[in-house]
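Using the sequences and the hints given, assemble the complete structure.
Chains as they are written, first to last, in this note's numbering: chain W, 1 to 348; chain P, 1 to 391.
No lab work stands behind these hints: they were computed from the structure. Glycine included, C-beta positions come from ideal geometry on N, C-alpha and C. One or more hints might be untrue.
Below, a sample of chain P positions facing chain W; criterion: calculated Cβ distance under 7 Å [said to hold, decoys possible]:
(1) VAL17
(2) PRO18
(3) ASN24
(4) CYS90
(5) HIS130
(6) GLY133
(7) ALA136
(8) ALA391
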Amino acid sequence: METSLETGSGRRTGNGPAIGTALGTEVRPRPEVTRSYQQMADEDRGTGGESLADFLGYFSIGLGLAELVAPTLMSRLIGVKHPDDRNRSTMRLMGLREISNGVAILSNQQPAKAVWSRVAGDALDLALLGRTLANPDNDRGRTLFATANVLAVTALDVMAARQLSAQPETVANEQMDKGIIRTKRSITVRKPVEEVYAFWRNFENLPRFMRHLESVSVMDERRSHWVARAPAGKTVEWDAEIVDERENEMISWRSLPGAGVYNAGEVRFNPAPGNRGTEVRVTLEYDPPFGKLGSKVAMLFREEPGQQVQDDLRHFKQVMETGEIVLSDATKRRGMHPAKPDDKPVEL
Amino acid sequence: MKATCWMGPGKMSVEEVPDPQILNQRDCIVKVSSTAICGSDLHLYNGFLPMMEPGDIMGHEFMGEVVEVGREVTKVKKGDRVVVPFPIACGACGACEAKAYSLCENSNPNAWLAEKLLGHSAAGIFGYSHLTGGFAGGQAEYVRVPFADVGPFKVPQELTDEQVLFLSDILPTGYMGAEMCGIRPGDTVAVWGCGPVGQFAITSAYLLGAEKVIAIDRFPYRLQMARERAGAVTINYAEVDSVPDVLKDLTAGRGPDHCIDAVGVEGHTHGVQYVHDRAKQMMRMQTDRPIALREAINACRNGGTVSVIGVYSGLIDKFPMNTVMNRSLTIKTGQCHVHRYMQPLLDRIQKGEIDPTFIITHRMPLEEAPRGYRIFNDKLENCEKIVLKAA
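Shown next as C-alpha cells:
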C-alpha cells in the first residue's frame, strides 16, 4: 500500500502574488514563514461537519436499538394505543434501517451519502407518522409530539448533509474513505532542534515515551524491528523502514510488507519562533482492523489514535524537558483509582 | 500513615493508608509538620469541583521535613525544613521559564482531561481533584512531592511553622491578587470576601501602597478581623441595600480603582439574584455563582482593574461583558504562581512587615480534620483559618 504522506505534498498554495500586499514592503510578512503554515491550515480542510455527522450516527444506532429491542414501547411512545404485530414488525424494520444508517455514517470519513439517506429515512418516518395520525384510535398528542421531534432531527440531518456535500477533497479525507486512519498532532519542546531530532532519530528511544511500544530494535541504517503491546497481554511485531529523512528537519517511516497492521509515520521538526524551542509535528496513518468504525469504538475506551499520539507527544516533551514521564498516585496505572499511595507497580 | 480522605460531598475521613513512595527520581518525601484547610478545599468538600474519587487525599497547604529524596534531586536533602507551593512545577518548560509556575506544561499527568474541559491544561496541584493530576495531598503524615528541586522552599529554623506555612498558598495568592491590580499611590482597593485569602489581599494591597482598602463580607467576626487586624474599611453586605452604592459614597462617585474577587464559585448575596443563581446551579444550568465577580465589575471605576483570585470551576451565567468592554475594565486572574513570591514574602515576614499568623483561629491535630472541615465550612466558632498539626 502506498503512503499518502507523499500525495499530501502536492496540495499547497500556489506561487501566486506576494503575500500581504495591503502592507508596506517594510512590514510585509515573509512568504517562507506564512506559506508553510497556510499549507498546514489547508491540509485540515475537508473535515467540516464531522462531529455533527458522528452525533447523528450514534443517535441513529441508539434509536434503532430501542426500536429493535422494545418495539411495543416505542409504538406507544409515538401514539399507537394498542400496538399489534404489524406495528411491531414495522417498528423493528425501521430500527434496522436506523442502525445500518448509523453504521454507514460512522464508517465513512465524508458520509454525505449516508446522511442524505438519513434524510430519506426521515421522510419515510414522517409518512408513517402521518398514517398513525390519520387513525382516530391513536393518541394524537403523542403522535404530534413525535412528529415535531422527527422534524427537528430532519432539520439537523439536512444541515449536516449539506455541509458534508460541500466539503472539498483534501488529504485530510481522501485516504480515510479507503479506510486509512490518519492523525496529526503537535507539541512544542523547549530544547534545540538538534537535540530533539537526535533523540527521536534513535528509534530505540521511542518506547520511553510511546506507551503502546514495548521495544524498537534498530537493525541497520534504514530498518528497525518494532514490538507493541496489544490487548490481553499479547504483543504484535513488525519491521519498519525509514522512507525519508533530513537531518534536524524530518523523519518518515513505514511498516514493511508482512506487518500485521499497515502503519506509517512522519515527524517534522521546526525551530519555534522567538527561541521557544522546537515545534514537533507528527502524522501517523494506519489501516485499523475494523476500519473507521473500529477506531470509533476504540475511541469510546480512550484508545482513539489522535489521543494516543497526543499522550505520546506530551510524554516526549516530559522526557526531553524533565528527564522522565511525570506520574501521580492516581495516574501511575490505568483505570480510575483514588489519589493515594498504594503498593501496586507503575503501569502506564 | 494517617491521611485526610475525601469520601464524597460533605464526607471527610481520616484513614490509615500506605506511606507514599518515590515515583519519579526528582521526587522527595516530606514528613508533614503543619498543614491547613484552604477555602478552596471547601469547594471540593461541597462537591463543586468535578473529577474527585472517594479516597482521594486532600490538602495543598503543607510544610515539614524532607525524609527521602530521589536519585536526581540535588538541591534539597534529608532533614531540610521546607514549605511546599501548592502548584507543581517542573522548572524546565516555557511556562516555568516565564515564572508562570501554575501554568507548568509538564506537571499534570491528566492534562488530556484538562484539555477536554479547559482547552489547555494548567499545572498539577496537590490534593485537588484528578483534573489537576490526581496527586495525593498534604493533609497527611507524609506526602510525595514531585520536582523537589523546584518547589520545596527551605525556611529558617528561627521562624515557627505558623509564621511560614501560608507561603504555600494563601499569602502569595492574596499578594498576587493585589499585585495584579498595579496599585498606585492614592488608590482605593475593594476586596470581596474576608476569608484568609481576602485578609491577605487586604494586607498586601497596603504593602503595595494602597491609600485605603474596603472589605466586603457578611460575617461580623471576619469583618472585625479585616478592620482591626488588616486595617480595612468594612461593609457588611447583608446590612446595606447596594454595595456598589456604598462604594460610590466612599469614593465620591469614582468607584474603587481596583476590585479583588476573593470569593469565587460559591458566592452569596441576599435577594432575587442569589435565589436565581442558586437555582440555576442546582439545575446544572451553570456550575458557579459569580455573584462577587458581577458586583466587582459593576462597582469598579472606569478603566479600573478587576483581579480574580477566587476559584471558579466551570461556567457562569449573566456575565456583564458590556460593562467590561464599554468601561475599559481590565480583568486579571490566575492560580497563584507561588514559587515567584516565596522568597520576597519570606523577607517581608522576617522584616516584620507582615505577620501572617493573625488569621489563625483554630489549631487541631490531623485526626480532627473532619471536624475542622465542618466548622470552617459552616462558619462555626468564628472560624477563619484552621492549622492541622500532623506531628
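Just pull the numbers of the violated hints for me, sorted ascending.
Of the numbered hints given earlier, the structure breaks just one, which is hint 8.
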